[in-house]
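Model the full assembly from the supplied sequences, consistent with the hints where possible.
Which chain is which? The protein sequence lines are A and B, in order. Note that this note's numbering numbers the first sequence so that position 253 is 253, with each residue one more than the last. Note that this note's numbering numbers the second sequence so that position 46 is 46, with each residue one more than the last.
Hints should not be assumed to be uniformly reliable.
Label-pair restraints from in silico Cβ distances [as the list claims (entries may be wrong)]:
| # | chain 1 | residue 1 | chain 2 | residue 2 | range |
| --- | --- | --- | --- | --- | --- |
| 1 | B | Gly-85 | A | Ala-376 | 48 to 56 Å |
| 2 | A | Thr-6 | B | Arg-9 | 39 to 47 Å |
| 3 | B | Val-49 | A | Ala-59 | 57 to 65 Å |
| 4 | B | Thr-68 | A | Glu-281 | 49 to 57 Å |
Computed, partial: chain B to chain A, Cβ under 7 Å [what the hints assert, rightly or not]:
| # | residue |
| --- | --- |
| 5 | Trp-37 |
| 6 | Val-46 |
| 7 | Gly-48 |
Please keep in mind that the hints were generated in silico from the structure rather than gathered at the bench. In this text the structure is predicted, and so the values were computed from the model without any measurement. For each residue, glycine too, the CB sits at the ideal point set by N, CA and C.
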Amino acid sequence: MLTDLTIAEARDGLRARKFTARALTEAHLAAIDALNPRLNAFITVTAERALAQADTADAALARGEVAPLTGIPLAVKDLFCTEGVRTTAGSRILSPFVPPYESTVSANLLRDGAVFLGKANLDEFAMGSSNMTSAFGAVENPWKRRQDASAVLVPGGSSGGSAASVAARLAMGATGTDTGGSIRQPASFCGIAGIKPTYGRCSRWGVVAFASSLDHPGPFARTVQDCAILLGSMAGYDPKDSTSADVPVPDFEAACARGVKGLRIGVPREYRAEGMPADIEALWQRGLAWLREAGAETVEIPLPHTKYGLATYYIIAPAEASSNLARYDGVRFGLREDGEDLRDLYERTRAAGFGPEVRRRIMIGTYVLSAGYYDAYYLRAQKVRALVQRDFTDAFAKVDALLTPTTPSAAFAQGENMDDPVKMYLNDVFTVPLNLAGVPGMSVPAGLDANGLPLGLQVIGKPFDEETVFAVAAAIERAADFSARPQIRAGEPS
Amino acid sequence: MSLDPATVRRIASLARIRVADDELPRLQAELNGILGWIEQLNEVNVDGVEPLTGAVQMALAMREDVVTDGGYPDKVLANAPERAGDFYAVPKVVE
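As structure tokens, this is what we get:
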């Protein structure tokens with residue numbers, strides 16, 4: 001089946017003219033037609049545009065012109081502005097917004113020949129760990145519990161639609177963004193791979209802003225190599241993003257074949273979370289054993305401020321969000337609710353346009369930045385952030401990469417963890433420290449829990465050393481030989 | 001520290017978000033839950049630590065001070081609720 005191919009296989013098949021880009025795109029559009037009404041992974045499907053892009057790809061292939069992603073059908077998280085295609089950020093407040101410009105990352109993918117199938121669902125403004133906060137409805141995880149097959153599980157978040165679409169074979173790969181784990185956690189929950197690169201590696205220009213010092217665009221795919229191919233296209237210096245790093249983009253794909261012989265892999269004992277399921281601890285130990293068998297050395301390493309990462313994040317991220325989201329005032333674009341006067345218009349527009357989680361975070365951010373509380377909350381959090389980053393700097397003086405679980409649990413059911421915001425926040429305990437420090441991290445599917453649900457391991461690397469991350473993740477992928485597939489996927493009767 | 005209803009009202013007002021009276025108790029409880037949990041940062045010794053504003057400390061790039069973009073008012077105004085010629089027509093924002 002064309003929808004089961006990896007990006008690397010599809011690229012080779014297209015170049016050898018075994019099938020056309022149109023046939024490949026049509027197969028994915030048919031899968032979306034069949035499964036999206038149930039999964040709700042896409043907010044907007046751009047079928048006609050996708051077919052036109054596929055025809056352009058076929059014409060290029062016929063002329064012998066190939067780019068890295070010619071004819072490869074992808075999903076784009078609906079947080080990336082796409083010229084002429086509605087971009088909602090999963091929010092009512094942006095529901096009428098059609099950007100007149102293309103984000104740098106999506107423009108890079110189009111430059112390299114990609115086909116865009118549509119815009120993937122997400123938590124509102126990327127604020128969430130379950131995709132339950134989207135104004136466009138929840139996304140269903142295509143995996144099912146063995147014991148409780150009727151339970152509808154969440155795909156994780158915030159990039160839940162991206163991860164679910166790739167897992168269910170509705171797209172070969174997808175873009176995501178990761179502010180506190182929004183690529184790695186859904187990748188782990190959906191049994192696919194996803195990388196949050198180093199801060200500055202992928203441009204944020206044209207990505208709807210959540211917390212600018214923590215937002216990282218990155219790719220999802222079903223294999224480590226496919227993620228490397230996508231990141232190679234997405235990455236690169238962009239003068240339009242003042243925090244974009246002017247550093248060369250290495251050959252990430254080649255790094256996947258490097259192996260891990262001689263590498264020192266750090267094991268942070270602080271990631272042994274209280275109440276973590278035994279399956280996850282066992283998988284972590286297995287991952288370390290695989291790396292040792294492949295020639296790496298594993299050493300215990302302290303990351304003493306890990307436990308403070310989440311609380312730090314929940315000051316800094318809402319503070320930045322309250323500032324970034326101030327622009328949604330109902331005046332020049334987006335939703336508007338009329339009011340008695342201007343202030344009333346603002347307040348009604350923002351109450352109607354933002355969902356409860358976004359409103360909560362804006363208010364927390366407003367409070368921690370307000371006069372009299374700035375030092376106690378925001379300034380203190382920035383200092384703890386420095387300590388979290390120092391932990392990683394110290395660790396990387398001794399090791400080449402770190403291995404941890406990606407999440408403290410497998411995918412949970414819709415409705416679980418919803419009664420208390422803090423309970424939902426705890427999902428990101430292993431992923432958030434990397435956003436604070438800006439270091440790259442990748443989730444790679446490594447096994448199943450007792451209930452048949454996928455679990456990921458997280459590989460953490462030095463800043464701008466995604467190559468080692470890919471080398472370690474690919475070694476785990478080879479050893480794990482993860483071949484399980486979700487129950488709901490293209491070609492399966494649902 | 002615990003937020004009282006008046007403080008929650010004041011924060012909502014600063015954030016320009018309308019909060020109905022019946023939403024207030026739940027919102028107050030949620031915000032207090034989050035802020036109470038955040039208090040754990042007070043355990044951390046941050047003496048002499050410089051605050052970190054971003055993951056990468058970089059000097060901002062400089063470029064020539066010239067116009068590099070623009071000249072397409074229709075695109076700029078494409079999402080305007082109303083326009084008047086090449087301008088946004090908006091509710092009165094200055095009294």
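A quick look at each hint next to the structure:
no., hint, verdict
1, B/Gly-85 with A/Ala-376: 48 to 56 Å, "holds, 49 Å"
2, A/Thr-6 with B/Arg-9: 39 to 47 Å, "violated, 54 Å"
3, B/Val-49 with A/Ala-59: 57 to 65 Å, "holds, 58 Å"
4, B/Thr-68 with A/Glu-281: 49 to 57 Å, "holds, 53 Å"
5, Trp-37, "holds, 5 Å"
6, Val-46, "holds, 4 Å"
7, Gly-48, "violated, 9 Å"
In summary, the structure is inconsistent with hints 2 and 7 from the numbered list given earlier, while agreeing with the others.
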